[in-house]
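Trainee: Whenever a hint applies, use it, and build me the whole structure from the sequences.
Going down the list, the sequences are from chains R and Y.
No gaps in the numbering here: position 311 of the first sequence is 311 in the working numbering, and each next residue is one more.
No gaps in the numbering here: position 7 of the second sequence is 7 in the working numbering, and each next residue is one more.
None of these hints come from the bench; they were simulated from the model.
Watch out, some of these pointers could steer you wrong.
For chains that are exact copies, the list does not tell them apart, and a pair is met inside one copy or across any two.
[Stated by the list, open to error] Below, a list of computed lysine-lysine pairs in the BS3-like style, where the Cα atoms sit at most 27 Å apart:
no., residue 1, residue 2
1, Lys338, Lys311
2, Lys95, Lys311
3, Lys95, Lys338
Here is how the chains run, residue by residue.
Number of protein chains: 2
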Amino acid sequence: MVPVPDHGISVTYRVVADSNTVEARALDICVEQTVEVTESLWRDPRIADRVVGRVESIEDAGDGVFAVRIHYPGAVVGVELTQVLNAVYGNVSMKTGIRVMAVEPSPGLAAAFPGPGFGISGLRARLGIERRPLVVSALKPIGRSVGDLAGFAADMVRGGVDIIKDDHGIGNQAVCPFHERVEACVEAMAAAGAPSGRRSLYFPTVTGPVDEVLDRALFAKAAGAGGLLISPLVTGLDQVRLLVGETGLPVMAHPALAGAFFASPDHGMAPSALLGTLMRLAGSDLVIFPTWGGRFPFTREQCLSLDRSLKSDLHGLRRSMPVPAGGLSLEQIPSQLKVYGDDVAFLVGSALYEQSPDLAANAAFFLSLVQ
Amino acid sequence: MVPVPDHGISVTYRVVADSNTVEARALDICVEQTVEVTESLWRDPRIADRVVGRVESIEDAGDGVFAVRIHYPGAVVGVELTQVLNAVYGNVSMKTGIRVMAVEPSPGLAAAFPGPGFGISGLRARLGIERRPLVVSALKPIGRSVGDLAGFAADMVRGGVDIIKDDHGIGNQAVCPFHERVEACVEAMAAAGAPSGRRSLYFPTVTGPVDEVLDRALFAKAAGAGGLLISPLVTGLDQVRLLVGETGLPVMAHPALAGAFFASPDHGMAPSALLGTLMRLAGSDLVIFPTWGGRFPFTREQCLSLDRSLKSDLHGLRRSMPVPAGGLSLEQIPSQLKVYGDDVAFLVGSALYEQSPDLAANAAFFLSLVQ
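Mentor: Set out below in C-alpha cells:
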C-alpha cells in the first residue's frame, strides 16, 4: 500500500470501568471505531498497525472512571469531517459509559480544513471594533411578519447592536419566507444605519434542505447580509465548511439538537469537544451556547472549558468567538463579562425586547454594558 | 396573514415532573420549541393561536414521569426536514428530563415528503424475492485493499447474499478510494453473479462532504451500484431525501452517532422515533440498527418498537425494511426471525467472515437460514 500522511486524531474518552476491565474497554473502542470486526480479522499487521485505533494512555480518574486517550490513524480518519465525526463517536455512541471529553486533531488533519474564515480578529476588523465584547440579538418570534422583523432589525441598528441574527427556527416557513425576509431586513438595517454610518451585520438563518442551504446563503450575500446562521447538528456539520468556503461570509453556529450529547456525564460529548473543537474545525466564526445562569442547565465550568476550546491554539486555525446565550439577562452581562473577557459576543434575545417598549433604547443600553 | 395549510406535527415527550409542575413544563416545551420568548412577547393571538405549540394531552405514567403530547402547527414546522428536527427536539435537547417518545407527522406534513422510493415491496420486486427475509453483509474491514473487498463481494454473491454494503466507515480514504472501489466491486459482483443470474445489490457508502455526497451517489448509480449506504446523523438527515429524489436508488441508513440520543431513558429520543419515523419520513428504504443480544445494549422491546414504526401506517408512505445488526451471529438468526417475521433484512458482518475460511460457503449457509 502507498504511505498515507498522518491526518489522524486523538480522542480522550471518559470511560466507566474498573481496573480489571478498562484495558479491554479501551481496546474495544479502538476496534469499534475503526475495523469493526473481531480480532482474527484485523490481526494482519497491515491493518493492526495502520488502521486500528491505538491506546495512547489510560488514567484512573477515580470513582470507577478512566480517561482513555486513543489515536485514530489518518488511514481511517481521512480528510472529511463526516468521517472525523464517525471515527470520534459513530458506533460507540450506541454503547454505554463512553463520553468524548476532548478531540485533538493532528497538525496534518487540522491543515486539511481552512477553519473559520474570519475568526475573532477578522470579525473585529469587519465590524470596526477593536477590543470590546460584541453585542448580538435575534429577530423574533416566529409568527411576526417580515415587516415586523425588519422593523426590529432597524431599531437594533439604531441602538448599536453589532450582529442581528434570525431566530434559529425562522427558516423559510410560509409565514416568514427567506428571500423576502432577507431583503427586507438588509434594506431596513442599511436605512437605519445610514445616519450614523454604523456597520451592523445581519445573519439570516440558512438552515434548510441540503440542496438549498448554499443557494440561500449566496442569495443572502448578494442581498447584503453580513453573515450566516446555521444549526450544524441539524444540517450536518460539514455544511459549515461549505458555507465558509463558498460564501466568504462569517458563519455563526447554533447548538440546536446538540443537547442530545450533553445529558449524562457518562455518555455523549463534552460541550467543549462538540461545540468547541469540532465546530471550530468545521469553520464556525461564532458559536452560540447556553451560558450558566440562564434557562439551560450549563455549568460555569462547562462554559469556560468551551470558551477555551474556541480560543486556544489549534494548529493555526483562527479563534472562534464564543456567543453565550440561552436566556441571558442584561443584568448578567457585567458579571459574565468579567469571566469571558473581551473576546466574547453576548446574545440577548427576549430580555432585549422586554427591557422597555423602546427597542432602540434597549439596544443602546445593552451596548453600554460592554463599552 | 394568509392561511397556512396544516403541515404540523405531534410529538409525545416523556417528561420528568410532578403533578404540580407538569403543566408548566409542558408549556415551557411548547414555547421553547417555537417562539422562544417570554409570554408577553407571544400573547398576541396571531402568534399564540397559530405558532406556539399546543398541549394535546398529559398522562401520568407514574414514578414522576408524564407523557406530554404537543402539537406544533404547520406555520412553525414548515415543510423542511431540518425544521421538523428542530421543532421536535432542537432547543429542548439542552434541557433535562425531556425525551422524545413518538413523532406523528400530520397527513399534510407526510404528504410533503416522498418517503422511501422503494420500501419493502419495491426492494422485493427489485431483488426478485417474494417473501423470505433478506440477507445482508458488509465489505470490511477498512485497511483491506480494493481488490480484497471486491473479492469478498464476489464470494458473497456466489453464496447468495442479497445486499452487500460497504462498512459505514469506509468512505473515500486514500487506502480505499471511493470511485475505484465502487467500480471494482460492481464489476466483481457482476462477474460472480453471471453464471447463476443472481441479482445481488451493492450499496457503497456515500457518507462524505456535503457537496460530494450526491456526486458520489450518481457515480455509483452510473457504475451499476444497486443502492446507497449513508449515515444520516453524520451527514444531516435531509441528505436521505435528496438521494432518494435525485438517484432513484434504494437508500440504507446507518445509525452512526444516533446513540447520543439513546443513553438515558430521561433524555434524547426513543430509537423508534429517530431511527424509525424520522428515518422513514426522510426516505430510508432500509434502516440498520443494533438488535438485541449483540454487542450493543438495545433491548428486544426497543427493537420491536422500532420495527413497528418502520412498518406501520404512516399516511401512505412506503414501509421501510428493518435491518437488525450490531454483532448479530448466525446462530441468532432463527430465533430473531420468529420475532421480526419475514419482512426483515438480517445484516451479519464479522460472523460471516469467521464461520469458515470459505466466504462463499458461509454466505450460502447464511442464506439457508432464512429460506
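Trainee: With reference to the structure, classify each hint as holding or not holding.
Mentor: These are the hints, each one checked on the structure:
Proximity of lysine 338 to lysine 311 under the C-alpha cut-off of 27 Å is restricted to the intra-copy arrangement: shortest distance 16 Å within a copy versus 55 Å between copies. Taking the shortest alpha-carbon separations for lysine 95 and lysine 311, only the inter-copy value of 26 Å comes in at or below 27 Å, while the best intra-copy value is 31 Å. Taking CA atoms no more than 27 Å apart as the test, lysine 95 paired with lysine 338 passes between copies only; the shortest distance there is 26 Å, against 40 Å inside one copy.
Comparing the model with each earlier hint shows no violations; every hint is respected.
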